[in-house]
Each structure stands twice: as C-alpha cells, then as structure tokens.
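Peer 1: Chain by chain, the residues run as shown.
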Amino acid sequence: MVFKKKKLANGLDLIGEVNKSAKSAAVGFFVRTGSRDETKQINGVSHFLEHMLFKGTENLDAFEVNKAFDGTGAQFNAFTSEENTVYYAAVLPEYVIEVTKLWIELMRPALRDEDFNIEKNVIKEEIAMYKDTPSFDVMDRCRSLHFGGHPCGNSVLGGEKSIEDLTVEQMRNYFVTRYAPDNMIFTCAGNFDWGQICSTLETFCLKWQGQAVARKLEHFEGSKKKERIEKSNLACEHICLISPCVSFRDPRRFAAALLSVIVGDNVGSRFFWELVDKALAEVATMQYSPMDGTGALYSYIRCSGKNVSKVLGIVGDIFRSLSHEGITKDELRKAKNKVLSALVIKNELPMGRLLDLGFNWIYLKQYHTIEDDVKAVKAVTVDGVNSLIEQFNPGDFTQFSIGPACNESGQH
Amino acid sequence: MTEIFDKHILKNGMVILGEPMEAVKSVAFDFMLPAGAAVLAEGCCGAGNVISDWIFRGAGDRNSRQLSDALDGLGLHRAESVGSSHITIGAALEANNLAKALDLYADIILRPRLEEDQFELTKQLAVAGVYSLDDEPRHKVMLKLREQFYPHPLGRSTVGDINELKELNAEKTREIVKNNFYLSQTIFSVAGKYEFDAICRQVENLFETDHQEIREPVMLGPKAGRYTHINNDSAQVHIGLMTETVTPSNDDYYSARMAVSVLSGGMSARLFTEVREKRGLCYAIGARYHGLKDAAGIMCYAGTTPDKAQETLDCIIGEFDRLSDEISEEEIARAKVGLKSSLILQSESSSSRASAIGHDYYMLGRVRSLDEIKDRIETTNVDSVLSFLRKNKLEDFTVLTIGPREVVVG
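So the sequence lines, in the order shown, correspond to chains D and F.
Numbering (our numbering) for the first sequence: 72 to 483.
Numbering (our numbering) for the second sequence: 3 to 412.
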C-alpha cells in the first residue's frame with residue numbers, strides 16, 4: 072500500500088492509497104459540512120443538497136446522471152451526517168476515471184427549481200419513513216435533547232416545517248459557502264493510477280473557487296435531561312442514552328472505542344450479560360461517535376414496557392460499577408481482539424479503506440496506515456480506559472425514550 | 003480471472019467447500035444446518051431463532067459465559083441467521099485463529115448443553131423479537147409477504163409465530179436440534195486465507211460420523227391470500243408485492259435476474275426513475291430476486307405516505323406490466339455491467355464468498371465460478387429477456403400493506 076497526496080492551488084486536497092492487488096477501487100468526495108453547519112431556518116439543507124447533487128448539472132439531467140453511473144457498474148451513493156457529506160463509488164479499475172469525472176461534474180450542480188420541488192417530496196417521504204423506524208427516531212430525538220442549543224443537536228433530515236419552508240435560493244447560498252474547494256477532499260483507495268487521478272482532478276477542479284466559512288468548535292457536556300414520548304402503535308420501549316466523550320482529534324478515541332465495546336458490544340459485553348443474556352432487553356448496545364471538537368457515547372436499548380424500570384436500574388448499576396471499579400484486564404483484552412479483527416476485515420475492501428482514509432484526513436489531516444491503527448489499539452491500557460470513565464462519567468447521561476402508552480402495565 | 007474451489011465430502015455426506023483468496027488476511031466460514039423455518043414440524047414456528055441462540059449458551063466443557071469468552075478471545079465476528087431452508091452459523095476472523103474457532107463450533111453444533119434455564123431466557127428473547135417486529139413495519143411487511151406468497155411452509159416466518167413460540171418447550175426444541183442438525187445435509191464453506199488439507203483433517207476429526215439416510219423433502223401446501231392489509235397508525239403505508247418467477251436452477255434464471263435489473267438494478271432502472279425520480283412518490287423503492295430451491299419470486303418494497311399509496315402501487319404494477327412490452331439495448335447493457343461488477347466487488351469479501359459458495363452448492367449441487375456467471379449473463383440479450391418475460395408473465399401479484407390505509411389491488 073502506497074500513500075499519495077497533493078494539494079491543488081485552490082485548496083482542494085487529493086489523497087489516495089494504492090493497492091495494486093485489489094480487484095476494485097473506491098473513490099469519493101468528502102465535504103466538511105452537515106446539519107451542525109445549518110441554522111434552524113435551513114435545518115435539513117445539507118442532506119437535501121446531497122440529494123440534489125444527483126439531479127445533475129448544466130449539461131446533465133438526473134436521468135443522464137443515473138445512466139452514466141449505472142453504465143460503469145458502480146456501487147455508488149452518498150450520506151450526510153451532523154458534520155460530513157460523503158459521496159462515494161466502488162468500481163472496477165477500468166471505470167475509475169469515468170466515475171471520478173462524473174463525481175467531479177456533480178460537485179458543481181445546477182440546483183434547478185423543478186428538481187428541487189419534486190425532490191422535496193422525496194425528502195418528506197424519507198422523514199416519514201424514519202418516523203416509522205423508532206430505533207432511529209429515538210436516537211435523533213435524544214441527540215437533539217442532549218445537545219440542546221449546540222449545533223450538533225440539529226437533525227440531519229430536518230423537520231417537516233423546515234423542509235417545507237426551505238427555498239432553492241437558500242440552498243444555493245448554503246452550497247456556495249460550504250462546497251468550497253478548501254472544505255472538500257477527494258479520496259481514493261484500492262487499484263487505481265494516481266497520476267491519472269491527479270491529472271483528471273487538476274484539469275477539472277482547478278477552476279473551483281471560494282473559501283468556506285469556518286465551523287465553530289466547542290465541546291459540549293450535554294443537557295443530561297430525561298424525556299419520554301408515547302406512540303400508540305408501538306409494541307416496545309426504545310431507549311437512547313447519550314453521554315459526552317472525547318473528540319476525533321483526541322488520541323484517546325481508541326480507548327473510547329474500546330470502552331464502548333466493553334460496555335455495549337452486541338455479544339459478550341456488560342450490557343449483553345446483564346440485559347440481553349438475561350432476556351430483560353432484546354437489544355442493548357453502545358457506540359462511540361467521535362466528532363469535530365466533541366464526541367459522544369450512544370446507547371440504544373429495546374425492551375418490553377414491563378421491564379423498563381428494571382433495565383434502567385441495571386444500566387445504572389453497570390455505570391456505577393464502571394466508575395467505582397473500572398474495567399478489567401480481561402475485558403480489555405477481549406475488546407481489543409474484536410476491534411482488531413474488525414479493523415482487518417473492514418480494510419480488506421477498498422470501500423472500507425476509503426472511509427477510514429477520508430475521515431482521518433477530514434479530522435486530522437493525517438494519513439494512518441492500518442498498522443498505525445492496530446498499534447494504537449494495542450497500546451490502550453486499563454488505566455487509559457479508566458481515566459476516561461473518571462473524566463466523562465458515562466453514567467451521567469441524557470435519556471430519551473419512545474414507547475407505547477401502556478408502559479409498566481406488563482402488556483404489549 | 004480463474005478461481006480454484008476446494009471440495010471434500012465426508013463419509014456421512016457433510017460437504018466441505020473452500021475458496022482461497024490471496025489478497026486477504028481474514029477467513030470466513032459458514033455452517034449451513036438443515037434446520038430452517040420451512041423444514042420444522044408444524045407448530046414450531048420460531049424455533050429456529052430459539053435454537054440459534056440456545057446452542058451458544060454453553061457447549062461441550064464450557065458454560066455460556068466460558069463459551070462466549072472463548073469466542074470473543076478469538077476476535078470472532080459472529081453471524082447467525084435463520085432462513086427458509088437452513089440455520090446458518092458462521093463468523094469472520096483473522097486467519098490464524100481458524101482452527102481454534104472450528105473446535106468451538108464443533109462443540110456448539112454437536113454438543114450444545116441445551117439447559118432448561120437457558121431455554122426460558124432464549125425463548126423470552128425470541129418472543130420479544132416477534133413483538134419488536136411490530137415496531138419495524140418495513141421489515142415486517144416483507145416477512146409477512148413471503149408468508150402469503152410462498153406455498154406453505156416455504157414462506158413460514160423466520161422470526162416466529164407468537165402463539166407457537168409460547169407453546170414451545172425445551173424438550174420439543176431439543177428434539178428439533180437432534181433431528182435437524184443433520185450432518186449428511188450440512189454444508190461447511192470457508193473463504194479467505196486457509197489451508198484446505200488442514201481444514202479437511204480437522205473437520206473430519208470433528209464431524210465424521212456413520213452414513214446417514216437422506217431425509218424426505220417437505221410437502222408443499224397451497225399459497226395464502228392475494229391481498230392482506232395490516233392496520234397500523236404509522237406515518238407511511240408500507241407496501242410489499244411479489245410475483246412468481248423461475249428458481250436458481252432453471253435455465254432461464256439469468257434472464258430473470260436481468261429482468262429484475264432492468265426494473266430495479268440501479269438508479270437509472272425503471273422503478274426508481276418512474277416512482278421516485280419523476281413522481282416523487284417514495285424515498286425507498288426497489289425490487290429484487292428472491293429464490294428458494296423450490297420456488298422463487300420477484301419481491302418489491304415501497305414506503306409512502308397514505309395519500310400516495312394507491313398511486314404508488316398502481317405505478318409499480320404498471321412498470322411490472324410494461325416490462326415485457328419493450329426493453330432497450332441500452333437497458334440490457336447497463337443491467338449486464340451492473341450484475342457483473344457487483345459480482346466482482348462482492349468477491350473481495352471473505353464473508354460474501356463463504357456464503358455464496360455454500361448457497362450455490364445447496365441450490366445447484368455445485369459451485370459456479372465467477373467466469374461462468376459472467377458468461378451466462380453475457381449470453382442474455384434483449385430478445386432472450388423479452389421472450390422469457392412473455393413466457394413467464396409477471397402477474398398474479400401477492401400484495402401486503404401495513405399502514406393507516408388500505409389499497410385496491412386491480
């Protein structure tokens with residue numbers, strides 16, 4: 072694997088990791104923008120804009136864009152989070168340049184009125200779909216409760232009202248301030264020719280102009296509020312817990328990731344043994360989400376209404392025992408084994424590698440080999456994890472629940 | 003690209019398949035145990051989910067905790083699934099831990115402890131799994147659709163029936179494990195970095211038994227209803243529909259796959275273009291091929307708000323109807339590139355390959371090479387796909403909806 076990088080005169084970063092033995096390549100644009108970069112008035116614009124990029128340019132309509140992608144056999148898509156919008160494609164080596172040219176072209180979209188109006192319906196359907204997915208809905212609502220007025224609490228999808236009121240003019244303005252070349256990176260991984268990639272990007276991207284508005288960063292401890300809403304059509308209680316943690320730039324993020332595996336991996340974790348193995352909860356997991364300037368531990372628990380008090384009592388006990396006694400050496404050893412093998416397996420696919428390369432560059436402006444990450448995981452100590460627990464006290468969390476009206480009655 | 007496949011059959015009939023992959027450090031394996039939802043006795047719907055959890059709650063010398071610790075200690079990423087024909091248990095891991103993992107899996111398959119107190123817990127979890135389906139209408143609609151579409155018992159729910167699960171006891175479930183973890187019909191597949199001779203020796207030591215008689219196949223009953231609606235105060239109406247097509251062993255299989263690709267292979271395919279891009283009716287819309295050994299269908303999902311549900315269904319059925327009228331050369335060319343490229347992209351993952359070779363062997367009695375599949379895709383053309391569609395009309399839809407409003411199936 073060979074790492075390559077280049078910065079174009081307008082600030083666009085190009086990075087790549089060449090692996091000639093791969094059967095495919097993955098390419099993508101990472102844009103440093105997401106719902107946290109929105110105001111309340113335009114909430115949802117980053118994600119809506121991501122949809123609109125597929126609607127074409129001055130020279131291509133949406134159907135031509137879709138045909139062009141499908142003609143390369145690419146597996147392509149995009150996603151938007153609180154702080155990044157990522158456009159990617161996994162493709163056979165002979166189509167890498169074609170797909171790259173297509174993405175380049177789409178990064179300067181037409182944003183036509185008629186496309187905007189039709190796509191608004193699709194966005195509203197997406198919002199409705201996630202309302203019918205309580206495991207997602209509860210996380211979204213809990214994030215907003217946790218972050219309160221901090222911009223990381225903005226919903227990625229936006230609300231029905233903010234989407235309804237959004238104008239194409241507002242979207243065009245947002246585009247100009249966020250899709251500036253110094254706020255984007257182009258990443259590629261797998262089997263491709265770096266020289267060809269560079270000359271393609273130089274030819275077509277150098278004319279991109281503008282400078283992005285900087286993002287304000289501040290760590291946030293969270294509101295620690297507790298709320299619950301009822302929905303008559305639900306059968307189970309869906310609970311989300313969020314507590315603050317270290318940011319992506321903090322080298323302790325490896326310890327934080329291991330902590331989340333020890334507490335809430337889907338098998339063999341503390342949540343698993345105390346809640347799932349005993350059939351008190353059907354699902355109980357924890358994930359660490361490192362972000363820009365802040366971070367969070369998210370737990371998701373699904374159980375029957377009659378078990379809610381018991382489950383929350385046990386969760387409290389688990390966090391108390393973590394604070395008082397810390398983790399054990401054996402727990403850390405097992406968590407490392409799981410994290411290390413996941414790292415190896417994920418990075419065997421150019422698509423998996425692309426995401427790690429891109430995010431390391433977005434947050435750190437650094438290249439990390441897989442071996443660097445393996446070393447960093449191996450270097451985490453019991454004391455390192457315990458001091459993280461001491462500093463952030465994961466038992467002091469924000470909590471949001473969605474469940475049926477008959478909570479605690481023992482009925483489904 | 004030429005691949006090598008490894009194959010060895012034990013005296014008892016258990017099949018060992020392997021696909022070496024040079025570029026990876028991982029290995030993945032699957033045991034396909036012939037205990038899927040469709041092959042279980044009447045009255046046990048959901049037993050598969052209980053079993054796939056219960057067997058991990060202690061096996062051989064290890065209790066539940068010790069077994070889990072041993073698996074975690076190998077950094078193993080477990081995957082268990084219950085399908086129509088099999089319970090599949092497998093894992094992906096770093097290659098040097100494979101032998102230790104296989105020892106543990108032999109205990110899990112051949113010597114699970116199946117203790118009474120653990121049974122109650124695992125049953126409660128399975129029951130909770132059925133209830134939680136109510137909160138995932140997108141998933142539930144497709145599961146219910148298969149139940150309605152396939153001749154009984156092929157579409158039997160892989161999650162379970164709440165009443166039958168509640169009636170299930172440890173003794174009955176032990177019996178199912180004993181009768182269905184049938185080595186002569188078990189397929190073991192491995193892909194990635196491994197040494198085949200060593201695996202064969204180890205699997206032979208662990209799993210060789212006397213020859214076992216092949217069991218009778220299940221008898222198929224009738225199909226259920228044509229349209230079913232489940233009322234739910236959800237934000238969207240979740241629509242599932244399915245129509246019959248040829249099975250994977252049929253000569254026309256590749257024509258069926260091409261037809262589905264023209265309909266829903268990519269973003270330029272017809273359903274996405276007509277339903278989402280032109281009309282903005284849905285966010286999620288797509289159709290896919292769903293094949294069992296004895297029956298197969300093309301299944302389609304769409305989720306849309308109640309006011310648009312009827313228009314969405316009509317538009318989808320219109321596209322299915324229109325497919326046999328005309329297909330362009332361009333559409334066929336894009337479908338070919340799409341199918342071939344996804345084949346190669348998946349071939350880089352050890353888990354995908356382990357699952358694909360096991361699945362092939364069960365369906366066809368042999369493993370297809372990527373070249374063979376590519377050639378077969380290449381031999382299809384506009385005329386062959388159209389003549390297939392005219393011979394095998396996409397009609398007689400089974401439709402299922404979950405939501406606040408019913409639709410009319412024309």
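The hints are simulated quantities; they were obtained by calculation from the structure and are not laboratory data.
Please read all numbers here as calculations on a predicted model, not as lab measurements.
A virtual CB, placed ideally from N, CA and C, is assigned to each residue, including glycine.
Among these hints, one or two may not hold up.
As the list claims (entries may be wrong) - Covered stretches of chain D (chain F as the covering partner; in silico rule of three or more C-beta atoms under 8 angstroms from a C-beta of chain F):
{"hint": "1", "region": "177-183"}
{"hint": "2", "region": "201-211"}
{"hint": "3", "region": "435-449"}
What the hints assert, rightly or not - Keeping only pairs whose Cα atoms sit at most 27 angstroms apart, straight-line, the calculated DSS-like set for lysine-lysine is:
{"hint": "4", "chain 1": "D", "residue 1": "LYS195", "chain 2": "F", "residue 2": "LYS342"}
{"hint": "5", "chain 1": "D", "residue 1": "LYS202", "chain 2": "F", "residue 2": "LYS310"}
{"hint": "6", "chain 1": "F", "residue 1": "LYS168", "chain 2": "D", "residue 2": "LYS381"}
{"hint": "7", "chain 1": "F", "residue 1": "LYS102", "chain 2": "D", "residue 2": "LYS449"}
{"hint": "8", "chain 1": "D", "residue 1": "LYS446", "chain 2": "F", "residue 2": "LYS102"}
{"hint": "9", "chain 1": "D", "residue 1": "LYS446", "chain 2": "F", "residue 2": "LYS27"}
Peer 1: If a hint holds in the structure, say so; if it doesn't, say that too.
Peer 2: Cross-check of the supplied hints:
| no. | hint | verdict |
| --- | --- | --- |
| 1 | 177-183 | violated (count 0) |
| 2 | 201-211 | holds (count 5) |
| 3 | 435-449 | violated (count 0) |
| 4 | LYS195/D <-> LYS342/F | 34 angstroms, violated |
| 5 | LYS202/D <-> LYS310/F | 17 angstroms, holds |
| 6 | LYS168/F <-> LYS381/D | 23 angstroms, holds |
| 7 | LYS102/F <-> LYS449/D | 22 angstroms, holds |
| 8 | LYS446/D <-> LYS102/F | 24 angstroms, holds |
| 9 | LYS446/D <-> LYS27/F | 17 angstroms, holds |
Violated hints for the displayed structure, listed by number in ascending order: 1, 3 and 4.
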